[in-house]
Amino acid sequence: MKFAVLTDIHGNREALEAVLSDARARGTERFVVLGDIVGYGPDPEWCTDRVAALVAEGAISIRGNHDNAAAGAPEVMSTNARLAMDWTRPRLSPAQREFLSGLPMAAEEGEVLFVHASANGPADWNYVTSDTKARPSFRAVQARVILCGHVHVPLLVSCDRAGVVREQSFRTGLPVPLIRSRRWLAVVGAVGQPRDGVPQAGYALLDTGTDELTFRRVPYDAAATAAKVRAAGLPEELALRLIRGV
Amino acid sequence: MRPKQGLEIDGFTLGEKLHTGGFATIWDVTHPDHALPMVMKVPTILDGDDGPTIVGFEVEQMIMPRLTGPHVPRVIGIGGFDQMPYIVTEKIEGGSFLKTFQQAPLPLSDLIEIIARMVQAVTDLHRQHVIHLDLKPENFLQRKTGEMVLVDFGLSRHDHLPDLLAEEFHIPMGTYPYIAPEQYLRCRDDARSDIFALGAMTYALATGKLPFGQPEKLRGVRRRLWRDPVPPRAIRPEMPEWLQEIILKALEVDPMRRTQTAAQMAFDLAHPGQVTLTRRARKLRQDGAWMVFDRWRVMRKLKRFRAPDSVAGHLASVPIIVVAVDLGPEGEKLAEALRAQVRRMLVVEPDARIACVNVIKTARLGIDQMTDDQGRNLHVLRLVQLKDWAAGFGLPEERLTFSVLEGPDPGQAILDFATQNHVDHILMGARGHSTARRYLGSVSAQVVAEAHCSVTVVRLPERREEAPAPADPEAADEASTGALVS
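Protein chains in written order, with our numbering: chain V, 1 to 246; chain C, 247 to 732.
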């Protein structure tokens, strides 16, 4: 099965459209959205509806902390995130909020676990930013492959037979064999608000037939999204970070 | 599960044990679905902490299925650690080159032939983004058809894949007599490390001695950062200077000063007359104590050499560009345009190697009009003209070569030259388009259509007297001044 794994869309319609079309062109059979459909970005309604439509077609969707907050749950957030959330929440219809609050915290598909943040405490929203931070996830669950988001910076970590957890390098756009003698964890990057210095929308393709994971980056019209952020009166910093990818 | 004769796993039945190595055993295997002769490699995993063997085997499992072509064994099956880890590949009947090496020193003609084929295999591997990092005689097998096959990728680096070995172990990995200085400094990203090993093997085949001896401790490996080997010609005086040049250039300590690619090494071996002889070619004794001391002072503090960003990037930065030069009267008009194009390419690819070729068209059938003498004279004349043609490039001698080819079909002669020499780019002129050419076909069109690399065709701009567009769309294409085809 060829999965396209998207996360941290954050109300960025242009990025989501670009990623969906890139993934379709590469033979995606099933979409997975690892949460944070809304927040920060100017198109939360459109993105929520789009993901809901994907789910209706069989996609998996997981709940992120921003989805939780948009549905009304109290979440601790940075100033900009809170300002954007205060702007987002009233725009969503009750049905959209219900969709977001009804999303599961994790999903398992064969030997693959999908979760928004860490596997060891999905509701604690831990940031998996290094091999050290990934170690508890490998301990907490049995899944051979753990795919997550939340950090907005792509990361690949392996756990070998001796239990040694180590970050692994990869080249964007080229498939990484997730060899079966190891367990693997990947942060797939962010569709709608990358923070690794590359402004292109990020996602990953997982082929469970060949055991290969491909990190992808897709150019999109970030300037258009940034203009919408400004027009909506959202903090300028949120517009700038789309352009800069930080 | 442990391997033993008669064991059945995933349909494979183990036969005779062929080899017991330090880290693995090799078995004859059969499978009802596969008729070809096959071998199974099973890592010998000791109980307890056996990290290096396991990781080495994981690396092989990652890399080997991604390799193709005659210079690597075809992978038939892979087994995981849940039962018994293994890799099944086709069996290469010819055996390893260790025996050949034990017969060294070899006659020079045999040696050049063998090394050229080894270099060929490495060229092919590098083009697949893989650095072997453990080249030694045992790891070269030979097919019945003659091609060399590389085996044992347990220390290799695939440029597109995670490097499982990078952070894992803190000692340099490789085989001490052949390991490159930068590998000693724990660099695993430089394809030129394989060139060094090829140099060390050529040295060994030519002299019967290892250039840096057989160090048993890591300290002994470090010495090669400042201590140069005994020049091969001091051991074997009849060795030509050009061969010593090739060997010692491959053994340069700093990768930047080494032969840059296996393709370039192959080119030099195929064109000995074109090898630029330097001090390396002529030296007959090791460098003096003061020179070595000076090097030691610098090298002992060295942490690393600069490595290229990627294998493909490195190969692309040092391409072999063939310029097909027409020395006839028609070609004269194009000469300046062609030279200008070469200069433009040298701006973008300043380290490119330019191979100028000219084709003497011979009769397809029967004996040529020329007598042998005349033929030789024409050959020499063309070579002189070719050198004159390229005089203005200001390239160092070693990056400019000249070849006069002969054949009934000039296009085919250029194509063959490009294939044999792993050429990256062909540059040639297209003469005007007469009706005759439309029907008979042009050399450039043939080369563009059939080449395995990029081809740039240079054409002189033509003044068009008539305004209306031509009816023939092909003619419109041809009107462009230059077409880049990849």
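Rather than coming from a laboratory, the hints here were simulated on the basis of the structure.
Remember, predicted model here, so these are calculated numbers, not experimental data.
From the three backbone atoms N, C-alpha and C, an ideal C-beta is built for every residue, glycine too.
A portion of the hints provided could be inaccurate.
To be verified - The following label-pair restraints were derived from C-beta to C-beta distances:
{"hint": "1", "chain 1": "C", "residue 1": "281", "chain 2": "V", "residue 2": "161", "range": "46 to 56 angstroms"}
{"hint": "2", "chain 1": "V", "residue 1": "142", "chain 2": "C", "residue 2": "351", "range": "55 to 65 angstroms"}
{"hint": "3", "chain 1": "V", "residue 1": "129", "chain 2": "C", "residue 2": "555", "range": "21 to 31 angstroms"}
Consistency of beta-carbon spacing, residue 351 of chain C to residue 142 of chain V, with hint 55 to 65 angstroms: Since the Cβ atoms of residue 142 of chain V and residue 351 of chain C sit about 60 angstroms apart, the hinted range of 55 to 65 angstroms holds.
Residue 281 of chain C paired with residue 161 of chain V, Cβ distance criterion 46 to 56 angstroms: Once the Cβ atoms are compared, 35 angstroms apart, the range 46 to 56 angstroms for residue 161 of chain V and residue 281 of chain C is violated.
Hint check for residue 555 of chain C and residue 129 of chain V - Cβ pair distance inside 21 to 31 angstroms: holds, 25 angstroms
Violated hints amount to a single one, hint 1; each of the other numbered hints is respected by the structure.
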